[in-house]
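*Asks:* Going down the list, the protein sequences come from chains E and L. Using our numbering, the first residue of the first sequence is number 1, and each one after it goes up by one. Using our numbering, the first residue of the second sequence is number 1, and each one after it goes up by one.
Hints are supplied without guarantee of correctness; some may be wrong.
Looking from chain E toward chain L, a few residues come up when the C-beta cut is under 8 Å (computed) [said to hold, decoys possible]:
| no. | residue |
| --- | --- |
| 1 | HIS226 |
| 2 | ASN227 |
| 3 | MET228 |
| 4 | ARG233 |
| 5 | ASN258 |
| 6 | PHE261 |
| 7 | PRO264 |
| 8 | ASP266 |
| 9 | ILE273 |
| 10 | THR274 |
| 11 | GLY275 |
| 12 | PHE277 |
No wet-lab data here; the hints were simulated from the structure. Backbone N, C-alpha and C define an ideal beta-carbon position, used for all residues, glycine too.
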Amino acid sequence: MIQIATQGLSRHDLARQDLTSFAVETRDLNIYYGSFRAVKNINLNIELQKVTAIIGPSGCGKSTVLRAFNRMNELVPTARTEGTVRFMSQDIYAPDVDPVEVRRRIGMVFQKPNPFSKSIYENVAWGAGLNGFKEGLGRPTMDEWVEKCLHKAALWDEVKDKLNQSGLSLSGGQQQRLCIARAIAIRPEIILMDEPASALDPIATLKIEELMRGLAKEYTIIVVTHNMQQAARVSDYTAFFTMDNDRAGILVEYGPTNQIFTNPKDPRTESYITGRFG
Amino acid sequence: MSPSSTRETFDRNMKSLLEHVLVLGSMVEQAVEKSVAALKRHDHAAARRVYAGDQKINEKRYAIENECVALIATQQPMARDVRFLAAILEIITELERIGDYAKGIAKINLLLVDEPDDPSISRQLEQMAELSLSMLRRGLDAFVAGDAAAARVIPADDDAVDNMYNRIYQELTQRMIDGTTTVDYANHLMWAAHNLERLADRVSNICERTVYVSTGNLKELDPSDDLTLLE
Numbered sequence: 001m002i003q004i005a006t007q008g009l010s011r012h013d014l015a016r017q018d019l020t021s022f023a024v025e026t027r028d029l030n031i032y033y034g035s036f037r038a039v040k041n042i043n044l045n046i047e048l049q050k051v052t053a054i055i056g057p058s059g060c061g062k063s064t065v066l067r068a069f070n071r072m073n074e075l076v077p078t079a080r081t082e083g084t085v086r087f088m089s090q091d092i093y094a095p096d097v098d099p100v101e102v103r104r105r106i107g108m109v110f111q112k113p114n115p116f117s118k119s120i121y122e123n124v125a126w127g128a129g130l131n132g133f134k135e136g137l138g139r140p141t142m143d144e145w146v147e148k149c150l151h152k153a154a155l156w157d158e159v160k161d162k163l164n165q166s167g168l169s170l171s172g173g174q175q176q177r178l179c180i181a182r183a184i185a186i187r188p189e190i191i192l193m194d195e196p197a198s199a200l201d202p203i204a205t206l207k208i209e210e211l212m213r214g215l216a217k218e219y220t221i222i223v224v225t226h227n228m229q230q231a232a233r234v235s236d237y238t239a240f241f242t243m244d245n246d247r248a249g250i251l252v253e254y255g256p257t258n259q260i261f262t263n264p265k266d267p268r269t270e271s272y273i274t275g276r277f278g
Numbered sequence: 001m002s003p004s005s006t007r008e009t010f011d012r013n014m015k016s017l018l019e020h021v022l023v024l025g026s027m028v029e030q031a032v033e034k035s036v037a038a039l040k041r042h043d044h045a046a047a048r049r050v051y052a053g054d055q056k057i058n059e060k061r062y063a064i065e066n067e068c069v070a071l072i073a074t075q076q077p078m079a080r081d082v083r084f085l086a087a088i089l090e091i092i093t094e095l096e097r098i099g100d101y102a103k104g105i106a107k108i109n110l111l112l113v114d115e116p117d118d119p120s121i122s123r124q125l126e127q128m129a130e131l132s133l134s135m136l137r138r139g140l141d142a143f144v145a146g147d148a149a150a151a152r153v154i155p156a157d158d159d160a161v162d163n164m165y166n167r168i169y170q171e172l173t174q175r176m177i178d179g180t181t182t183v184d185y186a187n188h189l190m191w192a193a194h195n196l197e198r199l200a201d202r203v204s205n206i207c208e209r210t211v212y213v214s215t216g217n218l219k220e221l222d223p224s225d226d227l228t229l230l231e
């Protein structure tokens with residue numbers, strides 16, 4: 001099991017104690033699919049309890065990098081990762097680290113809402129139960145925990161009277177918030193989001209964006225999005241990726257979102273965010 | 001803004017916007033020229049035309065502002081594009097204020113009745129207008145060309161405009177002391193000179209926006225006025 005240096009400390013304590021800590025750090029990260037190098041030499045420090053957006057054209061390796069943050073690429077048989085990815089200063093690819101535990105602490109929300117074919121209640125409670133949720137002794141009951149997670153996902157008011165209905169009966173936007181509640185229920189510290197609103201209508205999209213801003217008070221959020229306006233609206237930091245001549249994804253520019261969208265330093269970033277490709 | 005295959009419509013809209021800014025610049029330039037010339041000739045009919053024409057300047061400014069807001073709302077400009085539109089919103093405000101200075105000079109003209117020719121002050125006001133308007137033309141040229149280097153040097157001419165203003169101020173003050181002119185008359189002409197001095201300050205603000213569009217840095221280019229008082 002991964003040993004986290006911050007064990008016993010809340011994230012607020014950690015932030016106070018060590019302002020230089022990053023939620024995720026990559027060093028010379030290279031990811032291959034077979035012989036094809038999908039991303040190369042990525043060096044990135046993700047700030048704690050902030051929303052970081054990863055933007056860039058299709059095929060630039062955004063999602064590949066995101067999946068490297070919780071070892072999801074290992075589920076792809078041909079994928080190979082080189083370099084270092086640290087989560088709270090710990091190398092998550094070290095031999096003694098359990099990828100399942102990594103994925104518990106670094107949750108993920110996908111493009112297409114994928115609730116289980118179970119009740120709304122069970123969607124939230126199931127993962128928590130599997131991950132050793134214990135009631136009593138000053139801890140919340142499962143009912144209380146489900147309610148709390150649904151509140152955090154800004155879904156409680158819409159589902160409190162139908163917790164036993166199937167999660168699949170909800171609208172797309174509600175299903176995505178249910179997936180966020182499900183991710184929260186296993187107490188992650190980072191939530192990775194891969195195009196979380198691209199399948200949703202504009203109102204549902206704005207609800208997810210507002211939710212992301214709220215969640216950033218407690219969690220580190222890393223979101224991959226094709227929607228630049230969304231990145232500009234929700235994120236504190238933005239990383240722009242593009243494809244190099246060998247088609248491998250590279251990190252071009254990374255900085256505060258306000259700077260990236262008003263005064264990017266690299267002409268490739270400028271061309272991309274102003275929508276000009278010559 | 002640069003030619004592209006992906007944002008041709010937006011680029012066309014931005015180019016059109018820039019042309020409208022130049023039209024507005026030309027309108028205020030002519031208004032200032034005419035107001036100073038009319039003041040020299042005691043031409044009240046011309047002054048009335050300048051005074052009434054300010055309404056068209058205001059309308060032009062509002063039309064450009066509306067177009068800017070529409071482009072921001074519909075095109076989601078980023079980076080240099082958003083800096084360019086923000087700069088235009090500022091520049092048209094400066095131009096509209098310069099138009100107000102021309103209107104102010106026209107109003108002064110209308111308030112001065114039965115005053116004799118004053119070749120000395122008229123000549124100096126013309127020189128002030130000439131230099132200030134030259135700054136304005138060069139400032140707008142630099143903006144259109146996106147030439148930050150050119151924009152940075154234009155505000156230096158503001159010192160010469162300030163010196164001209166100070167000379168007019170001193171001459172009129174001396175005349176009031178000597179009793180060779182009325183306080184009312186001297187006061188009005190000082191105000192006309194003050195308007196031209198402020199015109200040059202507005203040009204410095206326009207130049208700051210040109211530098212901003214090119215570099216992303218907002219910085220005062222001519223802080224000398226502020227510093228002088230602190231010395």
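*Asks:* Indicate, hint by hint, whether the structure satisfies it.
*Replies:* Tested hints:
no.: 1; hint: HIS226; result: violated (14 Å)
no.: 2; hint: ASN227; result: violated (10 Å)
no.: 3; hint: MET228; result: holds (7 Å)
no.: 4; hint: ARG233; result: violated (11 Å)
no.: 5; hint: ASN258; result: violated (11 Å)
no.: 6; hint: PHE261; result: holds (5 Å)
no.: 7; hint: PRO264; result: holds (5 Å)
no.: 8; hint: ASP266; result: violated (11 Å)
no.: 9; hint: ILE273; result: holds (4 Å)
no.: 10; hint: THR274; result: holds (5 Å)
no.: 11; hint: GLY275; result: holds (5 Å)
no.: 12; hint: PHE277; result: holds (5 Å)
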